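Peer 1: Full structure from sequences and hints, please.
For the sequence shown, this note's numbering assigns the number 1 to the initial residue and increments by one for each residue that follows.
Please keep in mind that the hints were generated in silico from the structure rather than gathered at the bench. As the structure is a prediction and not an experimental result, all values here were calculated from the model. Where hints are given, some of them may not hold.
Claimed, not checked - In silico DSSO-like cross-links for lysine-lysine, where the CA-CA straight-line distance does not exceed 30 Å:
#, residue 1, residue 2
1, K64, K16
2, K52, K27
3, K64, K52
4, K35, K64
5, K101, K35
6, K101, K13
7, K64, K13
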Amino acid sequence: SKTEDGKFNQFDKGEKLGCGGYGIVYKATDRHNGKYYAIKSCDLTNLGDKEKFYVLQETVHLIKVASDYVVEYNYSWFQQNCLYFQMELCWGSLSDFLETKMNVFGRLQGQLMTDIELYISYEIFRELIECLEYLHQEQIIHRDLKPANVLITKTGISYTKNGTKNRRFVKICDFGLSKGFYEYRLAGDKQTPDKGTVGPYMAPEAIQDDYNHKIDIYSLAMIGADIFEIDKDNLQNFR
1 SKTEDGKFNQ FDKGEKLGCG GYGIVYKATD RHNGKYYAIK SCDLTNLGDK EKFYVLQETV
61 HLIKVASDYV VEYNYSWFQQ NCLYFQMELC WGSLSDFLET KMNVFGRLQG QLMTDIELYI
121 SYEIFRELIE CLEYLHQEQI IHRDLKPANV LITKTGISYT KNGTKNRRFV KICDFGLSKG
181 FYEYRLAGDK QTPDKGTVGP YMAPEAIQDD YNHKIDIYSL AMIGADIFEI DKDNLQNFR
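Peer 2: Here is the structure:
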(Lines of atoms letter the chains of each structure in order from A and count residues from 1; the text may use other names and numbers.)
(Lines give C-alpha, C1' and ligand atoms only; values in the text may rest on other atoms or scores of the structure.)
Protein backbone atom coordinates (compact mmCIF):
# COMPACT_ATOMS: atom_id res chain seq x y z
CA SER A 1 0.00 0.00 0.00
CA LYS A 2 1.09 3.56 -0.63
CA THR A 3 -0.09 7.00 0.40
CA GLU A 4 -1.36 8.76 -2.73
CA ASP A 5 -3.62 11.72 -2.09
CA GLY A 6 -4.98 11.93 -5.63
CA LYS A 7 -5.13 8.27 -6.63
CA PHE A 8 -8.91 7.82 -6.30
CA ASN A 9 -9.42 10.87 -8.54
CA GLN A 10 -8.10 8.67 -11.34
CA PHE A 11 -11.42 6.78 -11.26
CA ASP A 12 -15.00 7.69 -12.06
CA LYS A 13 -17.03 6.15 -9.24
CA GLY A 14 -20.09 4.24 -10.37
CA GLU A 15 -22.77 2.20 -8.65
CA LYS A 16 -22.41 0.72 -5.20
CA LEU A 17 -21.83 -3.02 -5.50
CA GLY A 18 -22.09 -3.96 -1.84
CA CYS A 19 -20.60 -3.78 1.63
CA GLY A 20 -17.93 -6.13 2.89
CA GLY A 21 -16.13 -6.34 6.20
CA TYR A 22 -15.36 -2.74 7.10
CA GLY A 23 -15.72 -1.22 3.64
CA ILE A 24 -17.99 -0.33 0.75
CA VAL A 25 -17.37 -1.63 -2.77
CA TYR A 26 -18.06 0.48 -5.86
CA LYS A 27 -17.83 -0.07 -9.58
CA ALA A 28 -15.27 2.36 -10.99
CA THR A 29 -13.85 3.30 -14.38
CA ASP A 30 -10.17 4.11 -14.82
CA ARG A 31 -10.03 7.43 -16.68
CA HIS A 32 -6.63 6.55 -18.15
CA ASN A 33 -7.56 3.32 -19.91
CA GLY A 34 -11.36 3.06 -19.68
CA LYS A 35 -11.21 -0.28 -17.85
CA TYR A 36 -13.70 -1.22 -15.14
CA TYR A 37 -12.64 -2.21 -11.64
CA ALA A 38 -14.13 -2.85 -8.23
CA ILE A 39 -12.86 -0.33 -5.68
CA LYS A 40 -13.28 -1.07 -1.98
CA SER A 41 -13.16 1.95 0.33
CA CYS A 42 -12.44 1.42 4.04
CA ASP A 43 -12.84 4.52 6.23
CA LEU A 44 -10.39 4.23 9.14
CA THR A 45 -11.57 7.37 10.97
CA ASN A 46 -13.72 5.77 13.66
CA LEU A 47 -12.12 2.34 13.80
CA GLY A 48 -10.26 1.02 16.83
CA ASP A 49 -6.85 -0.61 16.65
CA LYS A 50 -8.30 -4.11 16.27
CA GLU A 51 -10.57 -3.07 13.38
CA LYS A 52 -7.71 -1.22 11.66
CA PHE A 53 -5.64 -4.37 11.96
CA TYR A 54 -8.37 -6.37 10.19
CA VAL A 55 -8.51 -3.83 7.35
CA LEU A 56 -4.74 -3.85 6.84
CA GLN A 57 -4.65 -7.62 7.17
CA GLU A 58 -6.92 -7.95 4.13
CA THR A 59 -4.16 -6.53 1.92
CA VAL A 60 -1.65 -9.03 3.31
CA HIS A 61 -3.92 -12.01 2.75
CA LEU A 62 -4.98 -10.90 -0.75
CA ILE A 63 -1.32 -10.79 -1.75
CA LYS A 64 -0.56 -14.12 -0.05
CA VAL A 65 -3.39 -16.06 -1.70
CA ALA A 66 -3.20 -14.45 -5.15
CA SER A 67 -4.49 -17.09 -7.57
CA ASP A 68 -7.40 -17.99 -9.83
CA TYR A 69 -9.34 -19.01 -6.72
CA VAL A 70 -9.43 -15.51 -5.25
CA VAL A 71 -10.62 -12.16 -6.61
CA GLU A 72 -7.68 -10.46 -8.35
CA TYR A 73 -6.03 -7.76 -6.25
CA ASN A 74 -4.36 -4.97 -8.25
CA TYR A 75 -3.33 -2.24 -5.86
CA SER A 76 -4.08 -0.48 -2.57
CA TRP A 77 -3.43 3.00 -1.25
CA PHE A 78 -4.23 5.43 1.56
CA GLN A 79 -6.12 8.64 0.83
CA GLN A 80 -7.75 11.01 3.33
CA ASN A 81 -7.75 8.41 6.12
CA CYS A 82 -9.30 5.77 3.88
CA LEU A 83 -7.68 2.59 2.61
CA TYR A 84 -8.66 1.74 -0.97
CA PHE A 85 -8.38 -1.63 -2.72
CA GLN A 86 -8.39 -1.84 -6.52
CA MET A 87 -9.64 -5.26 -7.64
CA GLU A 88 -11.03 -6.99 -10.69
CA LEU A 89 -14.68 -6.40 -11.46
CA CYS A 90 -16.73 -9.60 -11.59
CA TRP A 91 -20.18 -10.24 -13.07
CA GLY A 92 -21.78 -10.48 -9.66
CA SER A 93 -21.98 -12.58 -6.53
CA LEU A 94 -23.40 -15.99 -5.80
CA SER A 95 -26.05 -14.12 -3.83
CA ASP A 96 -27.12 -12.37 -7.06
CA PHE A 97 -27.22 -15.69 -8.89
CA LEU A 98 -29.34 -17.37 -6.22
CA GLU A 99 -31.85 -14.51 -6.30
CA THR A 100 -32.35 -14.71 -10.06
CA LYS A 101 -31.75 -18.32 -11.07
CA MET A 102 -35.40 -19.45 -10.89
CA ASN A 103 -36.35 -16.72 -13.36
CA VAL A 104 -33.33 -17.44 -15.54
CA PHE A 105 -34.25 -21.12 -15.81
CA GLY A 106 -37.99 -20.43 -16.11
CA ARG A 107 -38.87 -22.33 -12.95
CA LEU A 108 -41.67 -21.62 -10.48
CA GLN A 109 -41.37 -21.81 -6.69
CA GLY A 110 -41.58 -25.44 -5.59
CA GLN A 111 -40.69 -26.92 -8.97
CA LEU A 112 -37.69 -29.23 -9.22
CA MET A 113 -34.52 -28.03 -10.92
CA THR A 114 -33.97 -29.10 -14.51
CA ASP A 115 -30.93 -31.16 -15.46
CA ILE A 116 -29.22 -28.07 -16.89
CA GLU A 117 -29.81 -26.03 -13.73
CA LEU A 118 -28.57 -28.92 -11.59
CA TYR A 119 -25.43 -29.22 -13.71
CA ILE A 120 -24.64 -25.50 -13.50
CA SER A 121 -25.35 -25.50 -9.76
CA TYR A 122 -23.03 -28.48 -9.34
CA GLU A 123 -20.25 -26.77 -11.29
CA ILE A 124 -20.53 -23.61 -9.18
CA PHE A 125 -20.40 -25.60 -5.95
CA ARG A 126 -17.49 -27.72 -7.20
CA GLU A 127 -15.47 -24.62 -8.02
CA LEU A 128 -16.31 -23.11 -4.64
CA ILE A 129 -15.03 -26.25 -2.91
CA GLU A 130 -11.78 -25.91 -4.86
CA CYS A 131 -11.49 -22.26 -3.81
CA LEU A 132 -11.89 -23.08 -0.14
CA GLU A 133 -9.54 -26.04 -0.41
CA TYR A 134 -6.91 -23.69 -1.83
CA LEU A 135 -7.33 -21.20 1.04
CA HIS A 136 -6.93 -23.94 3.62
CA GLN A 137 -3.85 -25.26 1.83
CA GLU A 138 -2.46 -21.74 2.22
CA GLN A 139 -3.28 -21.91 5.95
CA ILE A 140 -6.01 -19.25 5.77
CA ILE A 141 -9.38 -19.42 7.54
CA HIS A 142 -11.80 -17.12 5.73
CA ARG A 143 -14.26 -16.76 8.66
CA ASP A 144 -16.85 -14.86 6.61
CA LEU A 145 -17.89 -17.28 3.89
CA LYS A 146 -21.38 -16.55 2.53
CA PRO A 147 -22.96 -16.11 -0.93
CA ALA A 148 -22.21 -12.36 -1.00
CA ASN A 149 -18.48 -13.15 -0.66
CA VAL A 150 -18.45 -15.64 -3.53
CA LEU A 151 -17.97 -13.89 -6.88
CA ILE A 152 -18.76 -15.10 -10.38
CA THR A 153 -16.54 -13.82 -13.19
CA LYS A 154 -17.74 -12.62 -16.57
CA THR A 155 -15.80 -14.90 -18.91
CA GLY A 156 -14.41 -17.68 -16.75
CA ILE A 157 -11.08 -17.36 -18.55
CA SER A 158 -7.82 -16.39 -16.88
CA TYR A 159 -4.14 -17.04 -17.39
CA THR A 160 -1.45 -18.28 -15.03
CA LYS A 161 1.98 -16.63 -14.87
CA ASN A 162 3.35 -19.14 -17.38
CA GLY A 163 0.55 -18.36 -19.85
CA THR A 164 -1.61 -21.43 -19.25
CA LYS A 165 -5.32 -20.76 -19.82
CA ASN A 166 -7.68 -21.62 -16.97
CA ARG A 167 -11.45 -21.76 -17.08
CA ARG A 168 -12.89 -20.86 -13.71
CA PHE A 169 -15.97 -18.80 -12.90
CA VAL A 170 -15.98 -18.78 -9.09
CA LYS A 171 -13.71 -16.77 -6.81
CA ILE A 172 -13.75 -15.88 -3.11
CA CYS A 173 -13.49 -12.28 -1.91
CA ASP A 174 -13.50 -10.17 1.28
CA PHE A 175 -10.61 -11.25 3.49
CA GLY A 176 -11.09 -8.58 6.15
CA LEU A 177 -11.91 -11.18 8.80
CA SER A 178 -9.63 -13.95 7.58
CA LYS A 179 -7.01 -15.49 9.83
CA GLY A 180 -3.96 -17.69 9.50
CA PHE A 181 -4.36 -21.15 11.03
CA TYR A 182 -2.14 -20.14 13.95
CA GLU A 183 -3.67 -16.70 14.55
CA TYR A 184 -7.24 -17.60 15.43
CA ARG A 185 -6.65 -18.09 19.16
CA LEU A 186 -6.04 -14.39 19.79
CA ALA A 187 -8.06 -13.14 22.74
CA GLY A 188 -11.40 -11.57 21.90
CA ASP A 189 -11.30 -12.83 18.34
CA LYS A 190 -14.81 -14.22 18.13
CA GLN A 191 -17.23 -13.98 15.22
CA THR A 192 -19.97 -11.83 16.66
CA PRO A 193 -23.23 -11.04 14.82
CA ASP A 194 -21.98 -7.67 13.57
CA LYS A 195 -18.53 -8.87 12.49
CA GLY A 196 -18.21 -12.04 10.49
CA THR A 197 -20.48 -14.65 9.00
CA VAL A 198 -23.92 -14.38 10.57
CA GLY A 199 -27.18 -16.31 10.63
CA PRO A 200 -27.34 -19.67 8.86
CA TYR A 201 -23.77 -19.43 7.52
CA MET A 202 -22.02 -19.11 10.89
CA ALA A 203 -20.85 -22.29 12.57
CA PRO A 204 -21.89 -22.56 16.24
CA GLU A 205 -18.22 -23.04 17.15
CA ALA A 206 -17.37 -19.65 15.66
CA ILE A 207 -18.66 -17.80 18.71
CA GLN A 208 -16.19 -19.69 20.89
CA ASP A 209 -12.52 -18.88 21.37
CA ASP A 210 -11.50 -22.36 20.26
CA TYR A 211 -12.32 -23.01 16.59
CA ASN A 212 -10.44 -23.96 13.43
CA HIS A 213 -10.76 -24.05 9.65
CA LYS A 214 -13.79 -26.34 9.91
CA ILE A 215 -15.99 -23.29 10.55
CA ASP A 216 -15.46 -22.50 6.85
CA ILE A 217 -16.60 -26.01 5.93
CA TYR A 218 -19.80 -25.48 7.91
CA SER A 219 -20.40 -22.23 6.00
CA LEU A 220 -19.70 -24.10 2.76
CA ALA A 221 -22.35 -26.70 3.61
CA MET A 222 -24.91 -23.98 4.33
CA ILE A 223 -24.12 -22.34 0.98
CA GLY A 224 -24.54 -25.72 -0.70
CA ALA A 225 -27.98 -25.96 0.90
CA ASP A 226 -28.87 -22.64 -0.73
CA ILE A 227 -27.56 -23.71 -4.13
CA PHE A 228 -29.39 -27.05 -4.16
CA GLU A 229 -32.43 -25.78 -2.21
CA ILE A 230 -32.01 -28.14 0.73
CA ASP A 231 -33.74 -27.33 4.01
CA LYS A 232 -31.02 -26.02 6.34
CA ASP A 233 -32.75 -27.32 9.46
CA ASN A 234 -32.68 -30.86 8.07
CA LEU A 235 -29.06 -30.44 7.05
CA GLN A 236 -28.04 -29.30 10.53
CA ASN A 237 -29.54 -32.47 12.01
CA PHE A 238 -26.68 -34.40 10.38
CA ARG A 239 -23.96 -32.45 12.24
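Peer 1: Starting from the hint list further up, note which numbers the structure goes against and sort them upward.
Peer 2: Of the numbered hints, all hold.
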